[in-house]
Amino acid sequence: MEQDTLLKFENVSYTYEEEEENNRLAVRNISFEIKKGEFIVVLGHNGSGKSTIAKLSNSIYLPTSGRVLVDGMDTSVEENEIPCRKKIGVVFQNPDNQIVASIVEEDVAFGPENLNLPQKEIRARVDEALKAVGMYEYRLHETHRLSGGQKQRVAIAGIIAMRPAGIVLDEPTAMLDPKGRADILETVHTLNKELGMTVVLITHFMEEALHADRIFVINDAVVERTGTPDEIFSDAAFLETCGLELPDTAKLCLLLKKRGVSLPDRIFTPEALIEELVRQTERA
Amino acid sequence: MSLLEVKNLSFGYSRATPFEIQALKDVSFNIDEGELVSVIGHTGSGKSTLMQMLNALLTPEQGEVLLEGKNIHESKTSAYEARFRVGLCFQYPEYQLFCETCAEDIAFGPKNMGLPPDEIRERVKQAARFVGLDEALLDHSPFDLSGGQKRRCAIAGVMAMRPKILILDEPTAGLDPAGRSAVLDMILHYRQETGATVIIVTHSMEIAAAVSDRILVLNQGALVFDSTPAEIFSHYEALVSMGLNVPSFTKIIYALQKRGLHVQNAYTAQAAADAICAMLHAEETSP
Ligand SMILES: Nc1ncnc2c1ncn2[C@@H]1O[C@H](COP(=O)(O)OP(=O)(O)OP(=O)(O)O)[C@@H](O)[C@H]1O
Ligand SMILES: Nc1ncnc2c1ncn2[C@@H]1O[C@H](COP(=O)(O)OP(=O)(O)OP(=O)(O)O)[C@@H](O)[C@H]1O
Ligand SMILES: [Mg+2]
Ligand SMILES: [Mg+2]
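In the order they appear, the protein sequences are chains A and B.
To convert, note that position 193 of the first sequence is 193 in the numbering used here; the numbers rise steadily by one, no gaps.
To convert, note that position 27 of the second sequence is 27 in the numbering used here; the numbers rise steadily by one, no gaps.
To be clear, the hints were calculated from the coordinates, so they are not data collected in a lab.
Bear in mind that the values here come from a model prediction, so they are computed numbers and not experimental data.
Treat the hints with care, as some may be off.
[As the list claims (entries may be wrong)] Only some residues are given here: those of chain A computed to face chain B with a beta carbon under 10 Å:
hint	residue
1	Gly44
2	Ile99
3	Val100
4	Ala165
5	Pro264
6	Val278
[To be verified] Which stretches of chain B does chain A cover? Using the computed rule of at least three CB atoms under 8 Å from a CB of chain A, they are:
hint	segment
7	64-71
8	100-111
9	171-179
[Said to hold, decoys possible] Residues from chain B that keep clear of chain A, each with C-beta distances beyond 12 Å, as calculated:
hint	residue
10	Glu33
11	Gly114
12	Glu283
The beta-carbon is built from N, C-alpha and C at its ideal position, and this holds for glycine as well.
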C-alpha cells in the first residue's frame, strides 16, 4: 500500500448478525482508497450503507469479508485496534451513543485523557475544541440536558480534541441550525486545510459536497460512483436513481433554463451563478 | 377566537440548580384553524420545549395555552385530552417505535383514545395510506424498516389520532433527499384532505419558505418574529445574528442586489427563477 493512503477498503462486505440468515449485506464487496489530506463527501439514500462504512473505518466493525487498512494497518488484527482508533476518529450519527461523561468538558477530555497527555495540554485541547464547535460557554453544563444539536457539537469536539489523522463524521449537521451547520462545515474544512486532517463527511445535504475533493455515491450497499463534485452533479438522472438530488443552485439553473435563460453547464455553486448572471447583465 | 391561543408562556429547566435554563420567555401567539405554521430557531432556542407545552406534555410555569378557548393545563383530564387533539410527532420519532408490528405502533394512539377496534383498524389503514406506507409492511416489525420508513410509521401513528392540530418536530431531519420530499408531500396532502392545522419545526429555511403560511422565530426562548415568509426573510441580518439564515435561493437574490442588479425579492426556487428572468428581460429591453 502506498504511503500516502490513509484508508483503504479491499473488497469489503459486511453483514449484521441479525441479517446473516437472510444473507443480506449492508455493504457489498466495496473497494476504495482515501489519500492523506483528502476531503471526501459520502452521499447515499437512507439505508444505503453509509454508517456501516463509517464504523468499518476504525475497527468498530470488522469486515465479514475483505480487508480494511488504516494507514497500512489491517483493522482485523487485534493489536491494531487501538492504533486504528487513534488514527481515525468517528463521530456517530446519533450523539447519544457517543457522550460518555456527565459534564461537557469532561466528555471532551475523555479521549485526550486516554492518550496520556499532560494535564495542561488536555486543558488546551478541550478549550480549543469546544471553541471550534461553539460550545465553550456550555463547558460546565450537564451533557444529558443538552439539546440534540448541542450534543452533536460536543461529540465532534471530543474527536477534534484527539487530533486524529482522519475524522469520519456521520451526518454531523443533521440536527443543526443554519449557523451550526455552517460552523461545523467551516471547522472541518479548516481541520482539513490547516492541519491536513483527512475528512470523510457523510451527509444528506448536497450543498455540503460542493467543495469536496471527491464525492462517493453509495447506493444499495455498493459504491456506485466516485468523482469530483463537477462530475457527480452533472448527472441529474443518475442522482435521482440513487435517491439524491441536485444542489439548490443547480435546481435554480434548471428552472432558469426552462424559462429560456441560456446558462453554461456545470454551475453548481451560488458564487458561480451570481458571477454568470452579473456577466450576462453587463453584456446586455 | 383563534383555534390555539398561546399567552405569555414561560418555562425553565433545572430550577434552583447551577444549570438553570430559561427555555421559554413570555411567548405569545395565535394559530388559526387550517393554518400551516413553521417554527424556526437556533438549536436550544426552545422549539421542542414549546411544542411539548402545546400538547400538555410539559406544564408552563407561567402563562396558558388555550385550545378552542379552553386552558389545556387546567386539569389532568384536559391535559390528557390535549394529547389526542394536538398530535405531536417528536424529533427523531423512530427511536420511540416499540410495538411488535407497525400496525400496532400506528394503533397505539387511537387505542389510548378508547376507540372501538373497527374504527382503529380503519384509521391505521388510512394513516398508512397518507404516509405511503405499503399495507404489506404493516405486519412487519418497525425495526425491519429503513430509516425513512420508520419515520413514516411514526408520523402515521400521530395522524391516526386525527388530531385537530398536527405538530411535527423536524419531520425531515436525517432523511435522504427523496425521503424529504416524500414526507413533505405527504404532510401537505394530509393537510389538504383533512383541513388539519399543521405546525412544523424545522432547521431548513428552504422548507419553511416553501410550505408555510406563517413563520414563528424563536431566539433564546423568546418569540422574536411572527409573520409571513416574505416578511421574515426580509430580515437577513437579524436572522443571521440569531444563528439562522435566509433560504439558499434568497441568498442568491440578495447577492445580486448587492452587486447593483435590480431583482425582486424571492424566497422559493420558482419565485427566484421568475425574479431573475424578469431582471434579465428588463436589462435586455432597457436602452
Ligand atoms: N444494527 C443493525 N442490525 C441489522 N441491520 C442493520 C443494523 N444497522 C443497519 N442495518 C441495515 O444495514 C443497511 C445499511 O444501514 P446503514 O445504517 O449503514 O445505512 P445508512 O446509509 O447510514 O442510512 P441512513 O442514511 O438512514 O443513516 C440497512 O439496510 C439497515 O437496515
Ligand atoms: N430535559 C431538559 N432538562 C434541562 N434542560 C433542557 C432539557 N431539555 C432541553 N433543555 C434545555 O432547554 C433549552 C431549549 O431546548 P429545546 O430542546 O426546547 O431546544 P430546541 O429549539 O428544540 O433545539 P434543537 O433545535 O437542538 O432541537 C436548551 O438550552 C436545552 O439545553
Ligand atoms: Mg447512517
Ligand atoms: Mg428540538
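Checklist entry - Does the nearest C-beta of chain B fall within a distance shorter than 10 Å of the C-beta of valine 100(A)? => result Nearest chain B Cβ about 19 Å off; hint violated.
Checklist entry - Three or more residues of the segment 100-111 of chain B near chain A by CB distance under 8 Å? => result It is violated: at least three residues are needed, and the segment 100-111 of chain B offers just 0 whose Cβ sits closer than 8 Å to chain A.
Item to check | Interface hint compliance - glycine 44(A) to chain B, C-beta minimum distance less than 10 Å | outcome: Cβ of glycine 44(A) sits 7 Å from chain B, so the hint holds.
Next on the checklist: Can you verify the interface hint for proline 264(A): is its Cβ closer than 10 Å to any Cβ in chain B?
Outcome noted: violated (15 Å)
Item to check | Beyond 12 Å from every chain A Cβ - status for glutamate 283(B) | outcome: violated (4 Å)
Checklist entry - Would glutamate 33(B) pass as off the interface with chain A, using Cβ distances and a cut of 12 Å? => result Holds, since 30 Å exceeds 12 Å.
Checklist entry - Does alanine 165(A) meet its interface restraint, that is, does its C-beta lie within less than 10 Å of any C-beta in chain B? => result Alanine 165(A) check fails; min Cβ-Cβ to chain B is 28 Å, beyond 10 Å.
Item to check | Restraint outcome when valine 278(A) is required to lie within 10 Å of chain B by C-beta distance | outcome: holds (5 Å)
Next on the checklist: Checking hints one by one. Is isoleucine 99(A) an interface residue toward chain B, by the C-beta closer than 10 Å rule?
Outcome noted: violated (15 Å)
Checklist entry - Under a C-beta cut-off of less than 8 Å, do 3 or more residues of the segment 171-179 of chain B approach chain A closely enough to confirm the stated coverage? => result holds (count 7)
Checklist entry - Any Cβ of chain A at or closer than 12 Å to glycine 114(B), or is the non-interface label fine? => result Since the minimum Cβ distance to chain A is about 33 Å, glycine 114(B) lies beyond 12 Å and the statement holds.
Checklist entry - Are at least 3 residues of the segment 64-71 of chain B within less than 8 Å of chain A when you compare beta carbons? => result violated (count 0)
In terms of the numbered hints stated before, the structure departs from hints 2, 3, 4, 5, 7, 8 and 12, listed from lowest to highest.
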